[in-house]
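> Each chain is listed here by its residues.
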Amino acid sequence: MSTIQHDKFEAVIGLEVHAQLLTQSKAFAPVSTEFGGAPNTQVTPLCLGHPGTLPVLNENLVRYTVRMGLATGCKIAEKSIFARKNYFYPDLPKGYQISQYETPICYDGEIEIELDNGRKRIGITRIHMEEDAGKSIHDRDPVNTLVDLNRAGVPLIEIVSEPDLRTPGEAYAYLKKIRQIVQYLEICDGNMEEGSLRCDANVSVRPRGESAFGTRTELKNMNSFRNVERAIQFEIDRQIELIESGGEVVQETLLWDPDKLQTRQMRSKEEAHDYRYFPEPDIPPVVLEEDFVDEVRQNLPEMPESRRERFEKQLGLNSDDARTLTENRYLADYYEEILEYLDNPKAAANLVMTEVLRVLNEQSIDIQDFPVRPKPLADLIRLKQDEKINSSAMQKIFNRMLEQEEEPEKLAGEMNLLQISEEGFVEPIIREVLDAHPDEVMRYREGKKQLIGFFIGQVMQKSKGQANPKQVRELLTKKLDQIEKS
Amino acid sequence: MAVTSDDVKYIADLARLQLPDDEVESLKQDLNKILGYMEKLDELDTTDVEPLEHVTDPEVPFRKDEAGDPIPHEDALKNAPDADADYFRVPRVIE
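Residue numbers (the working numbering), protein chains in the order written: chain A, 1 to 486; chain B, 487 to 581.
If you are wondering where the hints come from, they were derived from the structure by calculation, not from laboratory data.
Where hints are given, some of them may not hold.
Calculated pairs, EDC-like style, for lysine to aspartate or glutamate (alpha carbon to alpha carbon, straight line, at most 16 Å) [as the list claims (entries may be wrong)]:
hint, chain 1, residue 1, chain 2, residue 2
1, A, K79, B, E539
2, A, K75, A, E290
3, A, K396, A, E409
4, A, K120, A, D164
5, A, K449, A, D439
6, A, K388, A, D366
7, A, K177, A, E409
8, A, K375, A, E409
9, B, K495, B, D507
10, A, K135, B, D572
11, B, K550, A, E59
12, A, K479, A, E427
13, A, K79, B, E536
14, B, K495, A, E102
15, A, K8, A, E244
Some chain B residues near chain A, calculated using beta-carbon distances under 8 Å [what the hints assert, rightly or not]:
hint, residue
16, L500
17, R502
18, P506
19, E509
20, V510
21, L513
22, K519
23, I520
24, H540
25, F548
26, D551
27, E552
28, P556
29, I557
30, Y573
31, V576
Just so it is clear, the structure is predicted and the values come from calculations on it, not from any experiment.
The C-beta atom is built at its ideal place from N, Cα and C for all residues, glycine as well.
Based on the provided sequences and hints, a complete structural model is requested.
As structure tokens, then:
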């Protein structure tokens, strides 16, 4: 595929992102949304689609959606209505999904994504509210499908972008940005692997310079950020190759296969067709008072850009560090919690960016699962700041803290890493080192002052790292000067 | 805008109904009668009339976001035609 003349074509990509909202209760029923419960234990007759039940709208579904709308510069509809999207599937017991169709609650917004070559604005067509379906399990029973309805009715928002994206990299950056925003707003945990953030893509290609759109296909089942990028790249290549060889793109839905790294056509049965949307008669129109929207607006949290700016201006971090630390809301929270115990923003930033991020990467975990809490980490930095330990000791203690929940000072003691600053400890060692190296002492006296590093190294080694290098340097300089004068 | 037999079969298919041919024919006539009756409304001038989507009171308040008790697990599965101890069981839906 590498032979494809990519520069003759450009891709047009739009994303539909579903975000599961972090509400306590379901969209229309007062029952828990918690993930991971035993099957069919978090249900009410409404979730099961029993006759005679009526949905009642959860205020936080509205509040969280408006939050997202305001954070992405959307207009907020004064009145929007729910609609029924009709189709048959066993994980949807009512026979329809409650969604929004002609009147989404938020529309006409935009977000800014950051790319290697600058920033780009991506339009948001609409954000609407809907409910999740249950879960079907196909691989545990040879002849049946098993259905768990705990997820049925969990609130979702669907965020639809304008077809403004041009490359898989832009789609990736857009999706990351969406995740960052929902995490900052605390409306969704943004976990793609667990399905709380899901993404479908509409992809088409056209000759560069052309303004009309080509025929698009829809990609589904991309359950990680990497897979979104890969699947879109695969689909762009496939479409270009097809057109180059005289074929035509057919409008269809394709499933990404993360094992084979390719797309496949959906089976006919999986393809839904005629949803026959109509206004949901059981839920009155959602009419938003100005007060409600104002309240949501006033309670919007600090967003990544302003937090980054604050980290630069108030804490004196450079812009790269500030960006890295604010990329993930929870990492930024963690960092700021360290500062509650320690007044040293730069030292804390250094430790988080080098050691903490290294461990997160190595172990592929999120900061929420990082074993060391901010307070002991602050204590560790303070040990170094107070010159009770040196840098290499700090790293050793940090590694030990990952496995052992213990105060860093105690660990430092157990590991014999506490610096000993009494002159009585280091004096004899210095004398010993100077006695053992008369030639170096001579050359130092003749003006080769950089030998001080050699002497410090020797003393540190003989003290098994427990001497305080700063003190060693002072004492050594004093001693050598005395010898010089004598 | 007469309903054809194909329309009836299509709608029946969407509703997962199997209709014998004679019922298709009688339903076709029923549906056409209903639509013909509704067409009567077209004689009214509805310019400047807002569509009425709901007859309920739009002032219905939202529900507080609080989780109450679910129904007991056994009750949830009780009315299902088929279930095991944990799950609803339905005929396999993918090939």
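> Can you list which hints this structure breaks, lowest number first?
6, 7, 14, 18, 19, 20, 21, 22 and 23
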